[in-house]
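Asks: The residues making up each chain are set out below.
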Amino acid sequence: MKHEKKEISSQLWCMLFIISSLLVVGCILLLNVVVDPMGVFGDQFLNWFSYDFTNNPRVAKITYLDKHFDEYDSYIIGCSSTSSYPTEELNKYFGANFYNMIMYGADMLDVENECRYILAQDDVKNIIVNIYFSNASFYDRESDPITLNMHAKVEGSSLLKFYRKYLLLNPQYAVAKLKALQKDTYLTQPFDVFNVKTGAYDKKVRDAEPIGNMEEYLEVYPVFASYPKASYTMPKIDETVASIKRIKEMCDAKNVNVVFVVAPVYKESIQYFAKPDIDAFFTEIAKVTPFWDFSSSSISEDARYFYDETHFRNAVGKMAIAKMFHDDSVYYPEDFGYYVTLENIAEHLQNYYFDASQIKEYTVKLPVLMYHHLAEEVQTADTISPRRFREHMETIEQAGYTPITLQDLYDYVEIGKELPPKSVLITFDDGYESNYKLAFPVLKEFNFPAVIFAIGSSIGHQEFYKDTHYRMTPHFSYEEAKEMEETGLVSIQSHTYDMHQWAPFESGETIRETVLALSGESEEEIIQALRKDARIYREEASKNLEKEMTALSFPHGDFDTLSHVILKEEGIKATFTSIEGSNTLIKGLPQSLLGLKRYHMREEVTAERLKEYLEK
Amino acid sequence: MSFVSLRFFAFLGIGLGLYYTILKRFQWIWLLFLSYVFYSFGGITAMGYLLLTTLTTYISGMYLQKANDKIQSQKKDVNKVKKWKQQKKQFVFLTLLCNFGILFFLKYWQTVVNVLHYRTGILLPSLELVLPLGLSFYMFQSIGYVIDVYRGKYPAEKNILKYALFVSFFPQMVQGPISRFGDLKKELYQKHAFDFTSIEAGLRLMLWGYFKKLLIADRASVVVNTIFDGYTGYAGSVILFGVILYYIQLYCDFSGGIDITRGVARLFGVHLIENFKRPIFSTSLQDYWRRWHMSLGAWMKDYVFYPLSLSKPFLKLGSFVRKHIKGKAGQVLPVSMATFVVYFLIGIWHGANFKYIVFGLWNGILITLSILLTPFFIKIKKKLNIEDKNPIYHGFMVLRTFLIVLIGRYMTRAKNVTAMWQMLKLTVTSFSLKALTSKTLMTLGIEKKDYLVILCGTLLLLLVEFLEEKEIDVSAKSKKLPVIVQVVGMFLFIGAIVVLGVYKDDYIASEFIYKQF
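Chains as they are written, first to last, in this note's numbering: chain A, 1 to 616; chain B, 1 to 517.
Check before you lean on any hint, since a few could be wrong.
Here are the simulated lysine-lysine pairs, DSSO-like style, with alpha carbons at most 30 angstroms apart [stated by the list, open to error]:
1) A:254 x A:323
2) B:70 x B:83
3) B:439 x A:5
4) A:183 x B:162
5) B:162 x B:107
6) A:6 x B:480
7) B:448 x A:183
8) B:449 x B:434
9) A:444 x A:543
10) A:254 x A:125
11) A:183 x B:439
12) B:70 x A:5
13) A:165 x A:365
14) B:277 x A:6
15) B:470 x A:6
16) A:5 x B:480
17) B:479 x A:6
18) B:66 x B:185
19) B:89 x A:5
20) B:449 x A:179
21) A:6 x B:185
22) B:323 x B:153
23) B:448 x A:165
24) A:179 x B:186
25) B:80 x B:66
26) A:92 x A:417
27) A:67 x A:125
28) A:179 x B:448
29) A:5 x B:470
30) B:185 x A:165
31) A:248 x A:323
Think of the hints as simulated: they come from the structure by calculation, not from any bench.
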């Protein structure tokens, strides 16, 4: 007989209800503590602070610093543009260990509170306060209580309420962090934009993007082409300046060096604010403290010095720091930065807006020529006859062009040293013996410098492809390379050590024809391969040529963001592609050395065609 | 105080704790105190309105009681009886005028200002009036009381504090149900011993209510708002999708809220009347209105429909029609007129808008038609040999009713009559099922997972209601499951409510946070 099951009693049901509810709450608490999506509890288990910083930089940075205060003695504090003053540069000039305390949308009260908290630590040497125009518009702003609030410790509010809030935080935050963990890559992604060690945004991706002429830039960043219109007032000058005053007093009382800096602003953003407001704001600040004003200059005129509408590039931050220390070995425009005091403020405000008609040339067009092999018998597309090569050199000379060295290129961008009026860069790929035997004598004759991008693993291979019995076009040796280098005309640079393999001659399982990841290859593997290749070549070049390689041409011209990022980290400053076109170099922007385009110099390129290329 | 706040749960915890322990002897006074604490979160002005209604209806009740007593004791003196009756009428009229006056003033002042300004150019001050929480619910409830005392249904409540509790009992302050004094007085004033059955029943109701409201209704509302606000940009199929979601949203929001209300009351041992009886399974429009917002329907029936259809002018109209027109018209006309008035009142109670007149007409005409055509339908059914219990016929009737109600939903939710008409037109003329793609769905304000929650939630709701309709006791069945299954089930259900419901608004994806800067 079927036994009818009995219902549980209401009392038991209520017990089960309580147990289930407690379990739910317990799970939420546990999840929030273990995953810790805002880094409130020290992110003990995942230790992924770059994610926590992105969620709430105010709270997570304090938790992080509480454990790492001993590693830093100086701090730069302010809203998001604060990030663009690179801490490495600050450390170099100030002789200190800076931490970048950038907080999204910080107002001056946030800055003051952070300052107070930091100054409670021992041995603080420097505080830099970054001031942005919007600081005069907002003060003590009501902000999102979860992602934009201050740590209770900093604000002096109830710790109990603070921890309760994050213990009972929406579990979706924790789930999102776990999901993001699956998607985490070496490159910066929108969910982890911070560099934990420096506290600043991790700009490795943005700083590895090639930048050239303005048209291309506007295509990628159309916001500058149709800049959003807006206008803001500055109703919070008094409150903000009062905070600035208290910050200064706090620092003075503790004998801490304090510097106030007004950040560079894009020209159209400056127009959001009325001049009388700007005058009032700056005058009030000057009454309290002298400060550096970088807001309006020739830098503000060019969108390429900005990541987006409101954030200037790290390269610009570097210029600003150099200017503050009057370092002439770094490029910055003469009109960039003004040390404002109560004495000179009137004069400064009178000439505040940069006069665009006074702008000095700070960009230059540079055509780059790409040669490969030279031979009497032209059998491949990449081969050129010595006769044609000489004709090219003659054309260059007759057209009044001056071939420049790699160093000239660097000097233009890094220290602003002018280039000859019509400059051109001659390059060779692969490192063929013909470069030494046929091209080098001609270069010497014309006294033309050139760059040869040699494949490391092929150097010195006269007959056979690496250790095989496959015949190949001979490549020059280290002795020949050194001989060319010593004349000062030729610079040997990298075409990778061994990432330009010729598949038909290779027997291994992984055949790398370019610097890109192979299909199915993990990010970690390709990064390792790129680093290993760079390391071997560095060692070889140091041993055989006593030099460091700082430029690279991409095998087959293929590249991507990851390869650019890794190569930059491995010491490469300039990269060359096989895309045809001219280049624009920009003073102070190292990104203009990346992804340089080159003209293919084939046998069919006549003197006329060459002239066209040069003039394009 | 929101039913979904930590503060409310703390309030409830403390309230219940003391209710069953040290304040056991003063339970109803404690309830009154809790109710006023609860209501005080609505502000001092709201409290003023509550007190005003409580006082006027209390005094009215007392006076009417006195009049009733006099009439009883002076039965023989016809003149005096007549005088008292006259005075009673005047008094009720005054009470109604005062209370409905407040309601009308608060609800329609802005409309009056707008219309007057638009038509004549006269600009009255806008006053920026805010409708106090639950005003119309407690007002209907206390007016029902006044009328009942007038009718001598029960004696007036002498204790003003007890009466104040009837008006202000906190669980039903948000959205009803509209209770009757006769039903509620015993529940409120008698002693309630602690009883696990009540606690279980209360918690079950609350959980189910939160499930409907937080998981389904609040998600659907986003899509509904998007579609109704920008209806011109959507194909008919998308609009219909929006209206169906609105149907679901409205039911889940309202009935969910009532479930929470009834659950909370039940925790205190108080039974509140049912307000919804699975309206999705209605077989006719009349049936629908018997199952939807039942307490308002019953209120309207008792205090508007019957008095109206039995009133002298209506009866006269009936006999006039009977004289001049053959057939059932004489019987039907007063009924249908009264029906129309009821739906019109229900409509304008929702807000001052012409669309509610259309809504009243729609319901009034359909119900009148169905009364008139009933004999015809019976004939057809006989001819076709269809029995009412035939499941296919039953299904057909449910579907037909659903569609009729759905059309009515265009009227209650569209911004105005023009929008309603346009939406109906678009639904028919540019239906285009192809437009209802997943890509379109993703532009309506919620994500894929939210649609999934709505879908699964609605299916579960339908399943449970279907079983209940079949008179299967779902909770009793579930209590027979192995204990571990019950715990896991409860954990998942509560977890879903908390994670997908309570927390739904305060989450910003980290990518989005960064993108703002």
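Asks: Each hint should be assessed against the structure and marked as holding or not.
Replies: Hint check results:
no.: 1; hint: A:254 x A:323; in the structure: 27 angstroms, holds
no.: 2; hint: B:70 x B:83; in the structure: 11 angstroms, holds
no.: 3; hint: B:439 x A:5; in the structure: 49 angstroms, violated
no.: 4; hint: A:183 x B:162; in the structure: 63 angstroms, violated
no.: 5; hint: B:162 x B:107; in the structure: 29 angstroms, holds
no.: 6; hint: A:6 x B:480; in the structure: 6 angstroms, holds
no.: 7; hint: B:448 x A:183; in the structure: 20 angstroms, holds
no.: 8; hint: B:449 x B:434; in the structure: 22 angstroms, holds
no.: 9; hint: A:444 x A:543; in the structure: 26 angstroms, holds
no.: 10; hint: A:254 x A:125; in the structure: 9 angstroms, holds
no.: 11; hint: A:183 x B:439; in the structure: 24 angstroms, holds
no.: 12; hint: B:70 x A:5; in the structure: 61 angstroms, violated
no.: 13; hint: A:165 x A:365; in the structure: 57 angstroms, violated
no.: 14; hint: B:277 x A:6; in the structure: 28 angstroms, holds
no.: 15; hint: B:470 x A:6; in the structure: 21 angstroms, holds
no.: 16; hint: A:5 x B:480; in the structure: 6 angstroms, holds
no.: 17; hint: B:479 x A:6; in the structure: 8 angstroms, holds
no.: 18; hint: B:66 x B:185; in the structure: 20 angstroms, holds
no.: 19; hint: B:89 x A:5; in the structure: 60 angstroms, violated
no.: 20; hint: B:449 x A:179; in the structure: 15 angstroms, holds
no.: 21; hint: A:6 x B:185; in the structure: 36 angstroms, violated
no.: 22; hint: B:323 x B:153; in the structure: 36 angstroms, violated
no.: 23; hint: B:448 x A:165; in the structure: 28 angstroms, holds
no.: 24; hint: A:179 x B:186; in the structure: 55 angstroms, violated
no.: 25; hint: B:80 x B:66; in the structure: 13 angstroms, holds
no.: 26; hint: A:92 x A:417; in the structure: 23 angstroms, holds
no.: 27; hint: A:67 x A:125; in the structure: 19 angstroms, holds
no.: 28; hint: A:179 x B:448; in the structure: 17 angstroms, holds
no.: 29; hint: A:5 x B:470; in the structure: 21 angstroms, holds
no.: 30; hint: B:185 x A:165; in the structure: 42 angstroms, violated
no.: 31; hint: A:248 x A:323; in the structure: 22 angstroms, holds
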